[in-house]
Amino acid sequence: MDLDEATALISTWTEREGRRRDLLMPLLHALQEAAGHIDDSWVEAIASAFNLSRADVHGVLTFYHDYRRQPAGRHIVKLCRAESCQSRGGAAIEAAATERLGVAMGETRRDGQVTLEPVYCLGLCAIGPNALVDGRPVARIDMAALDRIAAEVAA
Amino acid sequence: MTRVFISRDMASVALGADDVARAFAGAGCDIVRTGSRGLFSIEPLVEVETTDGRVGYGPVTPGDVAAVLGGTHPNRLGDIAALPFFTAQQRFTFARCGIVDPLSLADYAAHRGWIGLEIAHAAEPQAVVDTVKASGLRGRGGAGFPTGIKWQTVLDAPGGTKYIVCNADEGDSGTFADRLLMEGDPFCLIEGMAIAAHAVGASHGYIYIRSEYPFAIATMREAIALSAGRIAPFTLEVRAGAGAYVCGEETALLDSIEGKRGQVRAKPPLPALAGLFGKPTVINNVLSLAAVPFILAEGADAYANVGFGRSRGTMPVQLAGNVKHGGLFEVGFGITLGELVNDIGGGTTSGRPVRAVQVGGPLGAYFPPSMFDLPFDYEAFTQAGGLIGHAGITVFDDSVDMAHMARFAMEFCAVESCGKCTPCRIGSTRGVEIVDRIIAAREIEPVRATANGDTLGKALYSRAPDRIDVSLEAQTVLLRDLCDTMKFGSLCALGGFTPYPVLSALDHFPEDFGAPAPALEAAE
Amino acid sequence: MAIAHDEDGVMSTGDRLIYMANQIARNLASEGTERSIEMVADHIRSFWDPAMRRRIVELAHSRPETFSAIASAAIERVAAA
Amino acid sequence: MGFTRETDHGTPPAIATGNNVTLTIDGEQVTLPEGTSIMRAASLTGTAIPKLCATDNIESFGSCRLCLVEVEGRNGYPASCTTPIAEGMVVRTQTGRLKQLRRGVMELYISDHPLDCLTCAANGDCELQDQAGAVGLRDVRYGYDGATNMGQAKDQSNPYFDFDPSKCIVCSRCVRACDEVQGTFALTIEGMGFGSKVAASQDDAFLSSECVSCGACVQACPTASLIEKKVVETGTPDRAVVTTCAYCGVGCTFRAEMRGEELVRMVPWKDGKANRGHSCVKGRFAWGYAQHQDRILNPMIRASVTEPWREVSWGEAIAHTASEFRRIQAQYGTRAVGGITSSRCTNEETFLVQKLIRQGFGNNNVDTCARVCHSPTGYGLKTTFGTSAGTQDFDSVMHADVILVIGANPTDAHPVFGSRMKKRLRQGAKLIVVDPRQIDLVKSPHVEAEHHLPLRPGTNVAVLTAMAHVVVTEKLYDDAFIRTRCDWDEFQDWGDFVSEPARSPEAIEPLTGVPAADLRAAARLYATGGNAAIYYGLGVTEHSQGSSTVMAIANLAMATGNIGREGVGVNPLRGQNNVQGACDMGSFPHEFSGYRHVSDTATREMFESAWGVTLDHEPGLRIPNMLDAATDGTFKALFIQGEDILQSDPNTHHVAAGLAAMECVVVQDLFLNETANYGHVFLPGSTFLEKDGTFTNAERRIQRVRRVMAPLNGHADWEIVQLVANAMGLGWSYAHPSEIMDEIAALTPTFAGVHYDRLDAEGSLQWPANDAAPDGTPTMHIDGFVRGKGKFVVTDYVPTDEKTGPRFPLLLTTGRILSHYNVGAQTRRTANTAWHPEDRLEIHPTDAENRGIKDGDWVSLRSRAGETTLRALITERVAPGVVYTTFHHPDTQANVITTDYSDWATNCPEYKVTAVQVGLSNGPSDWQEDYADHARRSRRIVPVEAAE
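Residue numbers (the UniProt record's numbering), protein chains in the order written: chain V, 1 to 155; chain W, 1 to 524; chain F, 1 to 81; chain A, 1 to 948.
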């Protein structure tokens, strides 16, 4: 999405939803959903839409883990690192996942195929280790499940 | 056409429920997607409607359609409600969960839905607040503050505009009750919020749901649209979080709704007086609000008659982690930790001995089995150096390294700290570093360096490598000092409670920190 | 009525004074003729230096066609004082 | 005066409720207003609680956790900054346990802070250092190998201060100051947790960020993270003098902080009643001109403007000046000479210049720069209310519910007041902007006008009268106020006039371009929205109808009862630092000090008896009339103190011709300004840092100017005027400016109570200050108007004769910009040029496209009066058909373009409306080239050694 498209989206969205400051995060969600990330070059247009400073928007954008300022890989695997998953062997699965997917935790693989990210709890705490693979929940991840995920993100 | 009930809960789906549902649909069944009953060892669960009521099978795979429909499947469970896991519960809040279609207004009404709201609407706001007070309901988010008193403050607060905010930012590992309810019985929460709105004079409400719960967000949004007419003129909307754990802290949550960085506000002013957009605001947890329809419908006594000490009513306990029968277990206060972990939960999945349980999420204390006679009660837990929090219990077997878990507690705090207050912002990172030094030192005791002098100048230069005492003893003292600074110096519970898991690990499992094991533990 | 400028864009003093008198008159015209004549005269008496006043009186005689009725009448009063 | 820091009570005072509570702090019982924080309560009673994130000009935040205290009966350790006091509360602020906690927190701070106290620029002036000492930190046990935020690159992009993130403790004071005090929201915390970092805009360099360089962040920073470059270079200050800023009419109080004889920094003073501890880029940082190499320090003389200057002794210069004036008067008559007082000089200096003219020259040929800015304010407000000044103090804006800004751009021209206004707008006051341009207030972060009426330049009267039409025809006027406070018959006449259909919003829409519905809505809001205050500037006065517009404003305020209490009023935002004072001091050719006409015999006799001469009872010449008289050959000598009329006055050709026709032009100034190119005597001036005196700001507030350093030129300006006067035989003997003020007070009823000892004791006084108003007058016309009944004046809309047409199809309007001041003589000699190195022509994209102009192109700007060239800036801030430029740079000489048209009542020039054409250009106009050549030749100086 280039700046013009983003600006158009911002203006359509704010026309429909409003320009109150409290709608900033919903707009950021909408932008990220449409574009995969929120480019720094769009911040000025976002700020202007809500009558905020660029600094205001930048502060919000950089505070929340969810918002990406760079595009992610084509597939996104979010692996839970929280205690319940750890109690079920999560640490070993995490180590195996980085190896199997060929990417360090928190990074995007060089070929842009997959981004591996930590997540802290998906609320599936009795059936871990868990992950979200492109938004789809996967429970009881073992080596076989990692193989399936690796195959899925190869596509 | 055979009617079958299959959960659409995120956990069930994670275990393959969608594939199972597709398979049954392919076989010509009429599929009703319900919430989850809350016992995950039997998911994906399929309940087949028969003349004798629903007959459950679980877990089931897509290949099991014929066996289930033929009644021959080996995982036949019969009447799910009759399973011991369920008969032992007192399902006040979760009565409908797993049974009804969460987005069917008819189902909801057929299962005593909206009765509480009707009673509330017929009463004066003060009477509603009085009923909630009389029920003894305390905030289920962790702090245990009496809900009725909070509502009274908002009711009494001057000003025309007031808000109801539901804290559905359930970020604690080991907890999932909010998610289960929002996905399985969303109207219950909506009804609770509508009652609160009537009680305090609010006209609009927000449900702030963490982005890690996409199913709950979608279900709540749909349920709000469906029930808009039922709760009018009260209106509701869902706001999705963006991956910040700290937004579960109520003031950070309010700032987040306002479109700001989710930083914790100093209190006072209390949100009840100056909350969302500076207006008087009821901010309650999902479980607190979802308990209200029962209280109104069945009466305060029906709720208050259950419980223990000053902890009245039921607590939806969540059994999580390395536990055989993990799930949602709603029960009156007073049940012991041991009963929950061993009797209800059935011990570990791995079959190894339980070594520790963490109660109350990442900010909760670790308890050894020696403390399993602790009753589930706010005061008892506080006294034992822990907290009930959101009543999640994460079970660990004997493979756990408690120094690693203490390190993780600090690491989690470092990852999620909003960065506002100093003890949390810097302390959490220093905490990770100290535990790393302890882990490095617990097998090789290094030579102790000497430190002397007492000037500020020395403080500034004391970070030179040869001035640091990296001995186990010194680092353990430092860790305790740091925990003291964080516990009593932090602005909110994130920094303030992170010492609970750290200190409890240090106290109950000293051997993992290079010190001798406590005698009590050895005796068991 | 626009200001006449020479090629440097500078107006002659006489033209400027005539312009000023007429401009004051125009701005006070809505007060009604009698009141405005007195107000214009008063304004010139209060704010113009004696040389300017002498000059405008001379101009009112030498170039009467350049003055509005109110301005002329007012200058007559200034001259009479 | 030695160097002591201002006491910082940590949190702002409580919002007054009238209730007090009594509590015990460390065993001592204290009673204070409810809502006071424990921290402030302790501080007020003499107990300093350690703190880092708290400072008393921003709201408490509660992040540093050093200020924890114990409160009996409460769990834990509440932060004293965020916890209000309560009745019966028992607080302990200094216990062993608290010491332990505070030390623990400090140990964490220092674990992420460089170890360079001894070499740090803030050493000795660092709150972190102080607090580390206060909590008794002796050891940092966390080691060196952990994570830190140190080693980040410094941002040195701002010309005045550096940002070193390595020294940042993330207390957010800078961010909060930018938000709460300045209202720019240029700073944020980026990221979260341990990685939290102060960032300007999107982690831009400060210079390219949204930062307006007001300095609030630097002032707020408790460490050396944000620090003035000058402090880094010079070292921390060792003494301080409180004085008043010499830039705009806001009149900010500053502490001039010195190290020896060197000025290290100007820090806004919290007790300054005009600025309340805030500042802008000019006052805070742009004072370097005072020591600029361009300053002329020796007097100079030349026989003709084609010769080089010859440096001479003070004695020779003064004697020459006196003899020239005497010679010319002898040759051409008493009225052949005059003078111009300076709105940048002190009241005392201004008073002396007009005294020199009236007493020494024996005529009333004195004028001042108010002629070209706010003379219509004087005329209009005197006519309607009876006083030639604004009605409120600045604090009043905090009580306004509706703010109408017309022809003013406070965020650029009066930035410190602009910040106050924005604060009130963020609290919920509604804003109406009447301006051809989309000024920042129309829409900027966190501020948005309810209504913007983008009128065509020159149609103010029509718009205001149409607003009055709505007020009257919709019966929104305040009947009771009008009946008791105004002349009812005059109101009815006026009401009939404005009610005529021709004056309705609908009727004037084609003329003004303002949509009638918007105008009606704005009028209703102004009339019915609660306390409504009008703030206006030169966009009101600098028109053919300037005085009518001022009266139209006054009419509107009276009709709606918005006069005579806090939160309302009619408020001119005066341009120069002492333009109010210059007017007060009798700088007009028809008035003595205190606005008393020269024809008033009683007043004249008072002056005559004090000064021992007979005074002229006839009005003198205004500046344009002096120039006319000069070209006519009847006006021959002019004494100009601290004004650059060649650059600042309209129609430069006219000014140049007038000056060139004189035999003796005396220029007293800091620099060889443009006017000096036509000068015969140059007397070096002194800066505000080099003299004592007073300035009077836009709220009639008289404030002290204090000498911070010795005058580089050897004399304060008042001393120079006294030398000239005595050379003319006047026998003055002022030893100190306070004696001049005593004379002013004795001769001016509104100043009767103004004396230096009172100003020093109370900080400031707002005139009238006399027996009737012993404490001065923050709000005027409370019980009645100064003139008795408020006067409604019929304000007919008489369009200007300056018309667009085929040759000149666009309307030029001029104004100023944040980083520069007036003709730029001062600010161009500072690093402020980093923001605005040249004047640019703002032009709407459509107009630019029609002419093939691209952003940054050189364009010619032509009017009937003249032509210049400058670069274009394409922007939608201006409407189609309107172009805009500033007049800060002599290379551009925007006033070559402006015309001789002026306000009908005061001759205030019509700077805001000039019909122009714009086209692509290859280079400077002929005039620019000729002038540059003349200026170069005219600035040749033969040094004193060679001359002697």
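In short, the hints are calculated from the structure, not lab data. Mixed in with the good hints, there may be bad ones.
What the hints assert, rightly or not - Residues from chain V shown here face chain W by an in silico Cβ test under 10 Å; the list is partial:
{"no.": "1", "residue": "Arg16"}
{"no.": "2", "residue": "Phe50"}
{"no.": "3", "residue": "Leu52"}
{"no.": "4", "residue": "Gly59"}
{"no.": "5", "residue": "Phe63"}
{"no.": "6", "residue": "Arg69"}
{"no.": "7", "residue": "Ala72"}
{"no.": "8", "residue": "Arg74"}
{"no.": "9", "residue": "Ile76"}
{"no.": "10", "residue": "Gln86"}
{"no.": "11", "residue": "Tyr120"}
{"no.": "12", "residue": "Gly123"}
{"no.": "13", "residue": "Ala131"}
{"no.": "14", "residue": "Ala139"}
{"no.": "15", "residue": "Met143"}
We put the beta carbon where it would ideally sit given N, CA and C, even for glycine.
Do the hints match the structure? See the list:
1. Arg16: 14 Å, violated
2. Phe50: Hint holds; V/Phe50 Cβ to chain W Cβ min 8 Å, cut 10 Å.
3. Leu52: 8 Å, holds
4. Gly59: Where the cut-off is 10 Å and the nearest Cβ of chain W is about 5 Å from V/Gly59, the hint holds.
5. Phe63: 4 Å, holds
6. Arg69: Hint on V/Arg69: violated, closest Cβ of chain W at ~13 Å, above 10 Å.
7. Ala72: 13 Å, violated
8. Arg74: 19 Å, violated
9. Ile76: Violated, about 13 Å.
10. Gln86: Because about 7 Å separates V/Gln86 from the closest Cβ in chain W, which is inside the 10 Å limit, the hint holds.
11. Tyr120: Holds: closest Cβ of chain W sits about 6 Å from V/Tyr120, inside 10 Å.
12. Gly123: It holds, given that the least Cβ distance between V/Gly123 and chain W is near 4 Å, below 10 Å.
13. Ala131: 9 Å, holds
14. Ala139: Status holds, d = 4 Å.
15. Met143: Nearest chain W Cβ about 16 Å off; hint violated.
Of the numbered hints given earlier, the model fails hints 1, 6, 7, 8, 9, 15; all others are met.
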